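Colleague: Now for the letters of each chain:
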Amino acid sequence: MFDQLSDRLQATLSEVRSRGKLSEADVDAAMREIRLALLEADVNFKVVKGFTKTLKERCLGADVLGSLDPGQQVVKIVNEELTGLMGGTGRDLAFSSSGPTVILMAGLQGSGKTTACAKLARHLRENGRRDVALAACDVYRPAAVEQLVTVGKRAGAHVYEKGTDADPVEIAAWALEQAKTERRDVLIVDTAGRLHVDADLMEELARIRKRVTPHDVLLVVDAMTGQDAVGVAESFAETAEFDGVVMTKLDGDARGGAALSVKAVTGKPILFASTGEKLEAFDRFHPDRMASRILGMGDVLSLIERAEQQIDEKQALDLEKKMRRNEFTLEDFLQQMKQVRKMGPLSGLLGMLPGMGAMKQLKNANVDERELDRVEAIILSMTPEERVNPALIKGSRRKRIANGSGTRPQQVNQLIKQFDQMRKLMRHMTSGKDPDPQQLAQMMGGAPRPKYKRR
Amino acid sequence: MVERLEHEVEGGSVAADGEAVQARLIEILAEVAGTGRGPIDLRAEPAVLLMVGVNGTGKTTTIGKIAWHLSQEFGLSVVLGAADTYRAAAAEQLAEWAERAGAELVRGQEGADPGAVAFDAIEAAQARGADVVIVDTAGRLHTQGNLMDELTKVRRVIAKQMPGAPHETLLSIDATTGQNGLRQARIFADAVEVDGVVLTKLDGTAKGGIVLAIADELGIPVKLIGAGETLEDLRPFDPTDFANALLAE
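Chains as they are written, first to last, in our numbering: chain A, 1 to 455; chain B, 1 to 249.
Any given hint could turn out to be false.
Think about it this way: if two alpha-carbon atoms lie no more than 25 Å apart in a straight line, the pair counts; the simulated DSS-like pairs of lysine-lysine are [said to hold, decoys possible]:
id, chain 1, residue 1, chain 2, residue 2
1, A, Lys46, B, Lys153
2, A, Lys338, A, Lys417
3, A, Lys49, B, Lys160
4, A, Lys342, A, Lys278
5, A, Lys417, A, Lys153
6, A, Lys394, A, Lys424
7, A, Lys76, A, Lys49
8, A, Lys278, B, Lys207
9, A, Lys278, A, Lys322
Treat the hints as calculated values from the structure; they're not laboratory data. None of the values given here were measured: they were computed from a predicted structure.
Working from the sequences, and respecting the hints, build out all of it.
Modeller: Right, dumping it as structure tokens:
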């Protein structure tokens with residue numbers, strides 16, 4: 001996400017950064033580049049104008065030009081302003097102190113509301129709200145109710161539905177009553193997609209809002225929306241009075257301009273970002289972290305948070321000890337791989353590491369998750385002794401493992417070889433030497449033959 | 001386009017007053033938008049249509065509308081193939097459209113191989129002598145390499161089973177999409193040889209200007225437009241109307 005915008009901004013800023021001294025003309029040139037980059041990214045033109053104006057004023061302030069490292073200062077200012085543009089430090093949902101917290105989801109057709117409902121339900125459950133329920137109020141689109149029931153079940157949420165014959169307003173009110181009696185923590189109300197110019201449906205949305213008095217109304221916005229996003233957000237702000245935005249399809253290559261403009265125009269922050277096909281591909285949106293990410297400064301905080309959620313601390317400590325003593329076995333490798341994979345698709349994780357954007361080969365890397373499946377299968381086909389001491393694996397054992405895992409003996413060989421390399425690398429790391437990035441990249445791929453497809 | 005207009009005004013072939021310039025601009029826009037236009041080819045028996053596109057652009061709804069028009073207005077027998085085996089309840093959604101349109105539905109298990117569903121749909125159509133098969137596919141972002149590969153495979157399965165098929169591959173583009181629409185079209189065209197675009201959700205305030213770039217750069221014409229929720233809201237694309245709407249306030 002935001003890749004192209006990120007590329008251009010990074011290029012512009014590294015130019016500035018390398019200067020020892022900055023003249024007003026240098027700042028002007030940088031501002032022009034930044035303006036172009038934002039416009040190309042579908043950011044609303046009014047927003048761009050305002051943004052570059054404030055930016056320039058700040059950059060020309062005496063403390064920047066006179067400072068020892070003006071380039072760094074400019075980068076810092078761009079980071080701060082970009083963060084401000086996307087909504088500061090971000091905010092959390094408003095939770096009710098008694099009774100269920102009600103969240104109403106609204107948006108255009110096809111923006112991804114139903115999927116976002118289930119992802120949000122799962123996200124809230126993961127974050128301490130045990131009992132999340134969904135209300136199926138999209139009675140118009142064929143099979144929308146079935147879809148919510150299915151994805152709701154996957155997310156572990158109860159779904160209140162009354163088929164498609166009831167009035168959506170009544171379904172919402174009924175679901176809220178049910179949620180109250182059954183003491184649910186959260187009720188998420190899914191509604192039909194509607195165009196902001198459809199007066200009847202917008203009116204219906206306003207009535208649902210009145211009946212269930214949600215604690216938060218979330219507008220679901222497709223990240224690929226162009227200049228039209230601002231108009232849509234403005235109309236929804238008027239009728240639905242939404243409080244925050246869920247950005248969907250951020251895993252595409254849309255330049256994310258819509259995300260940047262919506263907050264600037266309506267003042268409503270982006271609360272969540274949806275970034276993939278799977279239910280887990282959904283997270284709080286942190287403007288400050290996103291700004292760092294766009295500028296190539298990495299998003300280590302999000303990575304650590306995700307790791308904390310998924311990785312068992314005790315196990316991690318054990319592993320660390322093993323690594324230090326160089327007792328790391330294939331069995332440990334398997335466990336570790338499983339834990340890392342729980343954190344989501346690898347390609348997503350790589351994007352959060354600082355400087356990874358600059359590493360060309362990783363940037364276009366399309367880590368093939370099936371390779372990882374294969375590695376798992378190979379290790380699972382080994383006996384416990386073999387996992388501890390891979391040197392045992394010769395001719396017939398190798399053949400057996402290949403047969404057992406549906407791979408070829410060469411692939412088994414490759415895995416073992418790579419595992420050896422990894423152990424060597426670990427020895428380097430634990431002895432305090434810097435790892436070679438090439439080797440590190442291979443380890444991140446985790447696969448016997450990392451396939452880097454160029455797009 | 002603007003350059004060409006400037007040139008013509010300077011050269012004197014277009015009068016330099018506002019109205020004449022606007023009229024000529026509409027002509028030029030319509031000409032570009034009309035690049036490579038042609039009807040949807042239904043001559044084969046059965047004619048196979050493949051529907052592709054990004055998530056939430058309106059593939060299934062469009063198929064429902066096409067099926068309804070073909071069967072209710074032209075009296076053709078239609079088979080729908082629910083090869084979106086990924087999204088929850090996608091097949092149910094198509095089933096409801098099939099019922100409304102009086103078409104037959106071929107579906108697989110959730111998570112089944114989409115190529116196999118496409119195969120079954122065409123086989124069923126051939127066995128019953130149906131006129132048209134429309135294959136629905138799961139929405140996918142064009143940046144997901146493996147999902148695009150899957151789509152290429154679905155197309156290959158269809159082509160292998162019936163030489164010359166799919167006779168028409170349609171890409172649905174959401175009118176609210178910005179500059180990204182061009183990238184979508186380019187990558188989908190690389191994967192499955194797109195014959196035409198269906199521009200959906202034109203009933204909002206978005207005008208779908210990105211199809212101009214798609215027609216101009218890739219030579220892929222818009223064939224149909226979707227402008228509403230009812231079955232009748234699917235219409236053939238008219239470049240002049242489109243150009244007029246683009247400039248209208």
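Colleague: Work down the list of hints and note, for each, if the structure agrees.
Modeller: We went through each hint and held it up to the structure:
1. Proposed proximity of Lys46/A and Lys153/B is contradicted: the alpha carbons are some 44 Å apart, above 25 Å.
2. Note on Lys338/A and Lys417/A: the hinted pairing holds, with a Cα-Cα distance of about 20 Å set against a maximum of 25 Å.
3. Under the criterion of a C-alpha separation no larger than 25 Å, the hint pairing Lys49/A with Lys160/B is inconsistent with the structure, at around 54 Å.
4. Distance hint between Lys342/A and Lys278/A is fulfilled; the C-alpha atoms sit about 12 Å from each other, no more than 25 Å.
5. Restraint check for Lys417/A and Lys153/A: not satisfied, since their Cα atoms lie roughly 43 Å apart, outside the 25 Å limit.
6. Among the hinted pairs, Lys394/A with Lys424/A is consistent with the structure: their alpha-carbon atoms are about 21 Å apart, no more than 25 Å.
7. Between Lys76/A and Lys49/A, the direct Cα distance comes to roughly 20 Å. Compliance with the 25 Å bound is thereby established for this hinted pair.
8. For the hint pairing Lys278/A with Lys207/B, the CA-to-CA distance comes to about 32 Å; that exceeds 25 Å, so the pair is violated.
9. For the proposed pair Lys278/A and Lys322/A, the alpha carbon gap of about 33 Å is over 25 Å, so the pair is violated.
Against the hints set out earlier in the document, violations occur for numbers 1, 3, 5, 8 and 9.
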